[in-house]
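Asker: Knowing the structure of chain A, use the given hints to seat chain B on it.
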Amino acid sequence: MARSDAGPRLPRTAAGGQSGPVALSSLLLSVHQSGYVVVPLLVGAAVDTALGESPAVLLRWCAALAAVFALTAVAGALGSRLNYAAELAWAHRLRVALVRRILSPHGFAGRARRDGELTALVLRDTQQRAGLATVAGTVVPALVSMVIGFAALLAVSAALAALLAAGVGTTLLLSRVLSRRLTARIDAERGGLLDIGAQAEDVLTGLRTLKGLDAEAESVERYRRVSRSAVRTRVAAIRWESAYRAVNSAASGLLMVAVIWFGGSAVLDGSMTVGRLVGAVGLVQVIATALERLTSMGTLIARASVSRTAIDEMLRAPAGVPDGPLAPPGPGAGEVRLSGVRAGSLRGLDLRVPAGSHVGIVSRTEADSDALLALLSREGAYEGSVLLDDVELREMPVTAARERLTVSRHDADLFPGTVMDNIASGASGPSARLRADPYIRAAAVDEVTRGLPHGLDTEITERGRSLSGGQRQRVVLARALATEAPVLVLADPLSATDAATEHRVSQGIHRARAGRTTLLLTSSPAVLAGCDHVVVLDGGRVAFAGTHAELSHRPHYASAVFA
Amino acid sequence: MSSEELPTAGVKQTWRVVRDCGRDQAGAAWVAAVCLVLSSASVLVVPLLVGRIVDIVTGSGDRGLLGPAAFGALVMTAVGAVLAAVGAGLTARVCENALGRLRERALAAVVALPLPTVERLGRGTVLSRTVGDVGVASDVARGALPAFLSALLTLLVTCGGLLALDWRLALAGALPLPVWVAATRGYLRRSGPQYAHERTAEARLSQFLLTGISGARTLRALCLEDAHTAVIKERSEAWSAAALRTCVTRVRFSLHLNGAELLGLLAVLVTGSALVRSGSLSLGAASTAVLLLMRVFEPVGTLLYLLDEVQSASAALARLAGVVTERTGDAERGENAERGEDAEDAVRSGRELPSDGGLTVRGLEFGYADGAPAVQDVTFRVEPGERVAVVGPSGAGKSTVVGLVTGVHTPWRGSVTVGGVPIGRLHPRATGLVTQESHVFAGSVRDNLSIARPDADEPAMTAALAQVGALDWALELPEGLETVVGPGGEALSPARRQQLALARLVLADPPLAVLDEPTAESYGGDRSAMRTAVDAALKGRTGIVIAHRLSDARAADRILVLDEGRVAAFGTHEQLLRDGGLYAELWSTWTAPRDAAGRTGRAGWTGWTGR
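If you're matching them up, the sequences are chains A and B in order.
For the first sequence, position 129 matches number 129 in UniProt numbering, and the numbering has no gaps at all.
For the second sequence, position 20 matches number 20 in UniProt numbering, and the numbering has no gaps at all.
No lab work stands behind these hints, which were simulated from the structure alone.
There are no misleading hints in this set.
Residues from chain A that keep clear of chain B, each with C-beta distances beyond 12 Å, as calculated:
#: 1; residue: L27
#: 2; residue: V139
#: 3; residue: A162
#: 4; residue: L173
#: 5; residue: P325
#: 6; residue: L434
#: 7; residue: P438
Partner residues aside, some chain B positions facing chain A, computed with beta carbon under 8 Å:
#: 8; residue: A85
#: 9; residue: E225
#: 10; residue: K233
#: 11; residue: N258
#: 12; residue: L262
#: 13; residue: L433
Cβ coordinates follow ideal geometry from the N, Cα and C atoms, glycine included.
Bound conformation, chain A alone (with noise of 0.2 Å):
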């Protein structure tokens, strides 16, 4: 299959590895637009010499025209089969290289881009880019019966081709110049295509919100007024399509009457026979034909040069976040010393988080624990200097960093798959699922799946959305418990669970963690609790530190976590 290349270098090879299949299936393809010249002209010799004849010499050439006929339509049919299996290896490849870039651990600087652009740059324009091996599968045999039939064309008269190659010259370079103009075109159709399927997307996701609000209609209305000005863009785009192609054909439709012009006063002269000019204007169809299946490639050509040039950007956007240079050794103990630390809203945070301890950060304001979130998880660069196990985070790969201080977010996604695909795809190794079972109990996701018609085999709808918030914060926390992290660093893992269930969970994750660092990120008091020590953000950095039992009687404190 396609070879695929990891970050971000482009496929350089012209047709994305295929130029080998792609090549053939032309080869191909010529044979049977030749034959397709040969077939009239061997059955016009036919017609000629054995008609009324023996059934001997018609028996020869039937004979021959079947084998000419077999040959054509074998080459044919070979040649598409491969043809198409080129252009979806292609476009498979590309898709696999976008996907690889969209997903790469780095993320992508740059222009933030819309999730169902992305999606259409590797569902749509990966097939529009590989559409470029139609376009060689019919150039290249159009080409080919264009060479034979000026060829033969030449042999009968030699004003005729030169007139008509100057005409065909014309009618190309008039097809280009054209077709740069429709690009324009496609390419505000393509936005428009994005926009419905944005606008369609947006109101899909947000419809629990509108349905809160009665205000499905006008978001239908909205979702209207962007279908309409699509519409607008598109048939804008063909009508250039179909001006583009009436102005081809009918200059090969014009060049052909003045052939056969130019050829009947030559008839009329005496120097041509009747018979030539017959056979002149066969080879002319031949060529327009062949002028006609090359101009009408240039949409083609059009839409995938658009398309080429989002799938490049893409490809060479910069990486976000790039890797260090120091693998660390091995697992370490887990660790944790931040010192200075400015990024975002933080203002030199100062903390040190000693191996196997539980620490609960708690945060004045969302700025504070969003920054911290962000470095942690190596999402964003920071001055000063975070250590785990005494090597400076952002001099790791970013994979190795995450790998030994994995953050669980609370709003984290779930995937498509069942409740027990989902946990275990946060522990690693064959035995990933046995591995989660004390974690399901830990964050009594068992509790949830005993309501569920599968248990933890039950499939989840998109995203989750069939569970409640709470449940789904329960899956969440038990994959982030699978995934044995040296440190794990747990955001408002419980914010939408009720008291009890808080309670009851909250000493799972500390079992669960037991001498493993911790982080928790919460304002739940049955979570800091648990905590071995507690410290207080404010304004960027530490405020005050003590246990949940010595701050609860702080005010500051109590107004935080109790209010």
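Answerer: Chain B only, in chain A's frame:
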């Protein structure tokens, strides 16, 4: 798969829906058809011209006749091309407008479906059933329709010519006909399921792709990028394989067609030869017949290939029509609602606006599909303007009760009335629900507000923002209220998202508001601001608030405690604490700063090195 849950319409129904969508385009459609037919006729120009020249040369030999004939042919060719362009442009206008309308109706129908149904189907499926299917149909309309017409016309003209020459030759030329029919039937039988399979494979890929893209952050955090990419790669390969299978079937079909062509050609050659030998046919007529027959092959091939595309387009249309007609009643109501929301409309559609937001719930019983009841015997009364918190352990039925009160679910037994109006007759604008995770719509802050009340003016919007304390930050955004937020725009924090949702509620101004955990996503310092915003948003209306944080419950006038689907208690915070039931128990677990896991602070621990 789950896509089967959305219905597919029958042929008649599909046709009715499509015709209905293109009703205002009928005139343009006729003009387009005439243009396309006339332009197809221009393909006859070349043979006619050649024939004319041969006539001139072999007949009069008059030079003067050649010029006008050729000039006429030039004009006809040019006119033919112009007609083709006009016809194709008009066809596009007709088809795209009709399909656009169909797409809009399909979305309106999907939006009108019950929420659980849409969520079970998944966004990927629904998108492919609305936007995707329209794409398939419109690509066919763009490419295949004009080609189909011109092939048909060419075929008719040529067959007529063949028949006029000699009926015996025409009979011989018809020999491929049964082969064509058999091959086409076999092909369509085989290709139908294969195309369906191809589309399923594509849907499987796009579903996984979509969740991967929207969940990219989670994948990165858990180092699951490779695992997810591997599944996408596998599904992409499966899609390619399915597409290649349909291609192989198509290629086999084309070989059958070629075989049929050869058969016809040989039959005409042999018959023609025999007829010429017997002297009953001239050599010229026989050769013309052979040449004519060869002109039939291409349009026949085109027609049969297009059948395939027409088949996939009609399948797409049938699916779309199925979605549209699924709940015509609701869709129509949605369309009526498009034209303005006022009391008049409410009366016309038989919906009433209640006089106040007082809520009375009596003897409610409801459960999910063929299960035990999730809630039973739920009775309570909320006074107009009162604020009630709903608390209880997971699975106690809080969300179910909210669903029943807001009309998402229909109760098995019991009644819900708001301001004296039974929920069945209640205008949808009487209640407003703010969900746990409020969606920010792609668009400006203004768009996000006006979606709740399209006729809201500038002062109303700023007042709503100011009321929930969001005006300051909204004005500080790069372009103020015109700043694009949501997907692809400025990212808003959860607290701001929630404030925006509350501002929407203020604009919609329902007498009864239901808030699902309004402070769940806010932080210590932010939380008090959030609570102020909730207080402001609920001012002057009845409020039902699902609360997980018991501090939210305490802030309410009364607290409804649910347990195992029944009302366990209903009273003020102080009453419930005094009664010492489930609520008192929850409250003490919540507030007690006890050391849950029996841990103590470690000796020698220096958690932070303060300055």
